[in-house]
Structures are given as structure tokens and as C-alpha cells.
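Per our numbering: the sequence shown ends with 1345, consecutive numbering throughout.
These are computed hints drawn from the structure, not numbers from a lab. A few of these clues could be false.
[Stated by the list, open to error] Simulated DEER-style distance windows between Cβ atoms: (1) 846 to 1243: 38 to 46 angstroms; (2) 772 to 1220: 41 to 49 angstroms; (3) 994 to 1048: 15 to 23 angstroms; (4) 718 to 1219: 32 to 40 angstroms.
Here a beta-carbon is modelled for each residue, glycine too, at the ideal position from N, C-alpha and C.
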Amino acid sequence: MKASQSAVRWPGAMLLLALFVLSFLAPKRWDSATLEEDRQGLAWVTPEAETPEPIPLGKENAGPEPPAPLGAKNEATSNEAASREETQAASEPPAENAPAEPVLASPKTEVVKAEPVPQPGSEPAPAAVRLVPAAPEPVVQAAALERPLVAPEPRPVAPAVASSKPLETPQPVQPGGTLELARPVATKVPQVPKRTPQVPEPEQTRQTAWAAAPGGLKRYLEAAAAQGADPRLLEQVARCSGEIYQRVRRGEEIVELCEQLRHLHGQLLAQADAQSRLQAATALRRLAHAVARRRTLWLAVARLHRWQRQQEQLAQRQQQRLVASALQLQQSLREAGADDTWQRFLLLPELTRAETLTPQADDGKWQQLVRSFLERVATLRRDPRYDRLPQWEQLQRVQRQLCACALARFRVAQLPEMVEQFEQTEEPIAQRALVEFLQLAEHGAEGVLGPDHRELINHWNNTNLRVAVHNRLLAQLVPQAPPRWQQVYDTILGIPVRGRSWTATRVHVRTLPGPGARLVIAARGLVRSWTRASQGIVTTHERTVARFSARRLVQLRPEGLRSWPTQLDLQARSELDDLETELDGVPLLGDLVREIALSRREELLPEAQAEARWKLRRRIQEQFDRQVDQALAALDRKRVARLNQLRKRLRLDPVLLAHTTPQRLVLRMRLAGPDQLGAHTPRPRALAGSWASLQVHQSAINNVLDRLQLAGRQFTLPELERHLQTMLDLPIRLGEEKDRRAVVQFAQQQPVRMQLHQGEVRLHLRLARLATPRRSWCHLNVQVRYRPVRQGRWYYLQRTGYVELSGQLRSLGEELVVRGIFNRIFHRQRRWPLYPPAWRQDRQMNHLALTQCVIQDGWLGLSLGPAVQLSVAEGSTNEARPR
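With the hints as extra help, turn the sequences into a complete structure.
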């Protein structure tokens, strides 16, 4: 071989040898993962606006993942993580006023048509296509508002399997970059139509987010949205509450989500405080309150779920403790000399039988046993004779253990749905389930729910009657006695004193800040007296002026009134008006006697004034105490009579809470029985300049109506009038003379209900039978609507619209007859005053008027203030701002 030929062939041989070695050292690129990655690299990159919203799928719905090749394990894991981050970023809404963050998209691949290097003496080869990785383009994407509640998992993509044969019919590949050709090609490139991004409408996005929210919460969301609240915040509240609602029904953990909901609750309150419009702030506060009470309920349900799973093994031990406590109470009653009537009344024979407490026992009988025991204990609590029952602690222990056993068997999974149904329709079944849960939580859930059980009861069984009175109205309502003259018959230093006195007193009441209803009854007065004192031949005439100030502290407690001793300040000044002697006409001797008498008076003056002030102080204090005691005794008699009427006649357990501010006395009452609910919605705010305000919830009215003993009973109209007057102690007149012979029979379930909503009062009547002397009708539902109207300075309730009827009415004639009866009972021209009628004749109320009347979300709110506020009562000025 010549040297020139070897020099030409040696580089070629070395190149072949290097290619042969690299073929063994390089990794295998032509596997299935590489083919799949290349195919993905040649696909179009979908713009952010075209990225569809991911479908949230759980692991149980995603199906088994196909096994990935060994060589592509790490790459598939990284691709899956990147795909999850992109899916999560695409599903989150952009934050308001949040800066946009650049997000790098996946690298594209551009196709470049390369021209092969021509060899000398060879034909030109066709143009080849080579792949050139394109530079990554920054894609700007709005920053996400926050992470979603549950990150949706993308569907697993099965890796493509490499085929040994080339595809006969290659699939069309959409280029991921641009085509760069070395020379023009005659073939035409198909034009790909541009996709227009489909941006969802705001209403559609809102409906999608609110679809998962609980049914009872949607009306609060709609009210806040109608007032222009932040839609993104409302969407977060709807999503978070909907996710918690679904999880708590499945028995899953919700602690972290409830913490997020608590943070959203704080944002709602902050936005409500920042609102300048009263209606918008009210809607946000009602939504925040609805979120707070649901969060408390859902946390209690989740904890009870977890506790019930833990108590499956300890149920037998709980039953044994309950039986032991019942036997101990039974033995204590026998030792106290009680007969078997007490044991039967407290259901002790049933509680000591083990077969009654087993989980296999009938749930209906078990619930009836728990309900009857709680009702009988409440009956004993209402009777003051059993306040100091020696066995009361043992009875409460049995009550706690019985409620704990009932909680272990309570179907807590159905409670969230029942609560939403109660808030929407107030169904009796849903209300009964909520009442039962609150009863068990109040008496037996302290060890289960911890201190949060009291917050749960306060949210769903709160006070439903509130009265606030300003100091100015208290001082104006106190009766003032006119000035009076009195005869003076007294003895000072053994000297008889005679004369007359004039006394003027002004009494006023003010509040003392602190817990409880603490009032200071104060009186300021002036006493003028003209007296004469005779001793021997000397008579002195004196004029006395005294100013006093008396104060007495009175506190209203649940057990009654308590008062402290009176504190009295007295300032008196006496002046000698004249001095007479029997020797005034005798020269020299008369002057000498006058000088001796004046000198003697100066010596005894300090002692005489001290005794006179002491006696005057005692007389003023006795008169003040006597008047205050008489007023307090009359007030206490009315309070005791009203409480006895509520407890014995209406079987209610009123709970009174009171506190005083520097300006107002505030009384709050929960008017309900142990098997009834209180208020669960926020009350309307009164006007800041009001002298008095009243807020009453519909639960207080309905609880009284439920205790009127109307269910299933039959009355004529005169009998119904007398029955209502006896139960309520109020004058009531129903119908006209032509309807006096009509007979009404009420239904068994909720015969009379009242609803306060959207500015009107709705009265619902359910009658099993209505009969006249000629015909009768069965199963009638009657609804009457009232709206507040103003006449002068006062508000009245007047019927609006027609009487709504439904039931078994066979013809139009029958409907007209029944409608005529109820039109006369609920006459359109009859107005029901929303104030005490005695105020119209009271001169002290001439400058006052009802400045506010609000009916919303189950509450009726009234404010009493000066009549000059009538023009600004509906505005947002400083004189009428809410408090």
C-alpha cells in the first residue's frame, strides 16, 4: 500500500472505529420512553387560555397505573410532578391585585430541514430533516390565589410501546416549532386553524363554584353577591364550605379545612367593617355568622365521629357505669323515705335493665327513653321546691352518663344534611334531630367535645329576645312625686319643736357598668322648714334649708333582686328668724332676758344642729327606702308571676342574661323549653341614637305558640278566645258575631307558626277541620301576610295581599265561603300596634317615636328615639348609624 493511499484511508478507519465504540458506550435511546418523549416534543404546546379545567379525580377512580419501563422511571416521575403542578396552577383562580409570575413552559422542538454534504461524484440527495431543540419561551401566567382544597390528580398516561416494525401509515405530526428549509420544497404545508380561547363567563364560574356549597348557605352567598361583595372571596367560601360539607358526611378529617374556613370568616368580617353601605355590611356579617355556626357544628360532628369509633370497645363499660349510677340513685331515694312513685317518675326501673341499654335494642324505644328522662328532669328543675333536692347531684350524674350513651348511638352522619334542611324549610323532623343533638351535647358532651360544646350551643340555641334601654328613658319612666307639705312635730334637746316643712324630690336611675343588671337609684331633694321652739318664757323661730342626695344600688339576678343599703349625703343650714320672750315690753329686763336667751342658744347650737341633722337624715332615708322598697317589691311580684306563668303554664325555661354599659341596660333572654330551639342568626342592629330597642326572634314567638296546647284540639271562637286569654293573659278578639258558631280543630303538627322574613310577617295555620252550622272542610292550610306600616309616630302590622288557602276545597263556592271566614278573622283594616297602647296617652312619650322597624332573617327589630330622628332613621348619618 502506498503511503499516499494509507494517509487517505487512515482517518476513515479511525472514524469507523470511534462509531463502533460509541455504539456500545452510549445509552439505548430507541426505547419506548424515548419514542413517547419525542412524540410529545413534536406536539403543539397548548396555550394557557386553551388549557381545559382539570377534572378532579380521586385515587379510587383513576384506575391502576400501568407499569413504566425501567429506563423511563425517573423521567416519568418528573413529568408527572410537572404535569401535576401545571394542572394545579391552571385550576386556581388568579389572585386579585397579585403580580404576575413568569412560569417556564416545557421545551419546544423546532424542525430544521438540513442539506446533506455532497460527495464528489455522487448524485444530489434529497433534503433531510433534522431536529433542533428550540429555546424555551417564557409564558406569563397569573399568580394563583391560593392552593385548591384538594389537588386533583391527573390521569396517568400509558407510555407508548416501541414497535419493531416501522409504521406503514405514519400519523400526522404537528410541529412544535418552525420549519427551516435549506431550499424551497414544492409540497404545501396544511394551514392549522387558530383556536380562539374560550373564557368562561363570570356567572358560569360562580355557579360552578357554588354548586358544592351547602344548600342553606347559598342564600347568604347570593345576598352578599347582590350587594357587590368580592366574588373571589365568595367563591373561596363556597368551595371551602362545600368540601368540608362533603368530607364531614363521609367521616373524614376536616381540621385543616376548618382552619382555612376560620380565616375566610375573618376576611368576611373585615370586609363588613370596611363597607360604607349598611345593607352590604349586614349581608357580609350574616354570611360570616352562617359560616361560623357551620364550622362549629362540623367540627363537633367530626370529633363525635372519631369518638364513636373509639367508643365501640368501651360501650359495655359505659352501660355498666350508667346502671351503677341508676342503682345508687334508687338506693338513695329509698333511704330518704321516697316511695316507688319517684322511681317510676325518673324511669329508674328501665335504666337499671341491661337489655334496654344494649345496642341491639330498638332505637325508637331508646330515643323515647332518653327524651322522657330529660323532659322529667327539666320538669323538676322548673319547680322551685326541688332546687335543693339532696339527690340532685346523683340525678345529674345519671343524666350525664345517659346522654353520653345516647351520643355513642347517635346517627351523627345525617346531622349536617338535617341542619341544611332545617335552615331552608324548617322541617319538624330536621328540627327535632338538631334539638336532640344539642340536648345531648349540653348534658353529656363535655368530655367528648371539650369546651367547644358551649360554643356549639351558643351558636344554635342562643338568646332570642333582647331589650336595651338608655339612661334617659329610664330616668323619664321613673314616676316623680310632686312637692309636698308636712307638719313638724319633733323634740330637739328635750325642747318641743313645732312647724311645717316643704320637700321637693327628683328621682332618676342610671346604670353601673358591669355584669348583671346593676342600677343606681338616686334621688336629689330640697327640704325647707319653718319651726318654733318654746322653753319657759323664750320662743325661737328658725328657718332651715337642707339639700340631700340619696343613692341605692340594685342588681337583678336570675334568683331575684338584690339591693344594698342606702347612702345619703346631707347639707343643712339653720338661721334664727326671730326670738320672742314674755318680757319683751319690760324696759331693761326684757333686753337682759333676750341677751341671756341668745347666749344660751349659741352654747347649745352645735349640739342642737347635730341632733336635728341626724333626725332629718333618718327621716329622709326612711322615706326613700320605703318608696324604693315598694317599687322593687311590685316589680319583683310581676317578675315572679311572669316566670311562673312561663314555667308552669307554658312549660318554658327562660334564661336571663343581663349586663350594663355606662349608658344602657341590656337584657337578653332565651325563651324556649328544653326541647325547643333558640335563635341561630345574628340580630339586626339598633340605631345608635335610640333611647330603647327591641329585637325578638321568630323562635321566641313559635316556642310560645307551641305551648298554647292547640295541637289536635277543637274550639269554637269564643272558647278559643278564652283559652288564649288564659294562657297569655292578654285581651284577644277573634272574628265577628256571624262567625261565633264556627268550630276549628287544629292539626297535630305545628298548628300555628310565624315566620319573619324579607320585611313581612307570615302567619301559618294548619287546621284539621273547619266547620260551620251548614258545612265543614278538612285539612286546610292558611297563610296570612302582614307588613309594618307607619302612621304618625308609630308602626303597625297590617295585612297585605289575599288570604292564601290550600286544602280539600271541592269548588270555587266553598273556597269563597272559607276565604270570607278568614277575611273577617284577619280583617284587612285591623292593625296590630307594635308598641304598648298606653304610650299614646302618656305625655312623657309625646316627643318619642318608633324610628326603626326591621324584619329580616327571622328577627323583628324596633328602635325608640326622639321624633326628630324620623327623617334620618333609614340613612347612614351619625345620628342614625347602627350599633
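The hints, checked one at a time:
1. 846 to 1243: 38 to 46 angstroms: 41 angstroms, holds
2. 772 to 1220: 41 to 49 angstroms: 45 angstroms, holds
3. 994 to 1048: 15 to 23 angstroms: Roughly 22 angstroms apart at Cβ, these two residues keep to the hinted range, so it holds.
4. 718 to 1219: 32 to 40 angstroms: 36 angstroms, holds
When each numbered hint is compared with the structure, no violation occurs for any of them.
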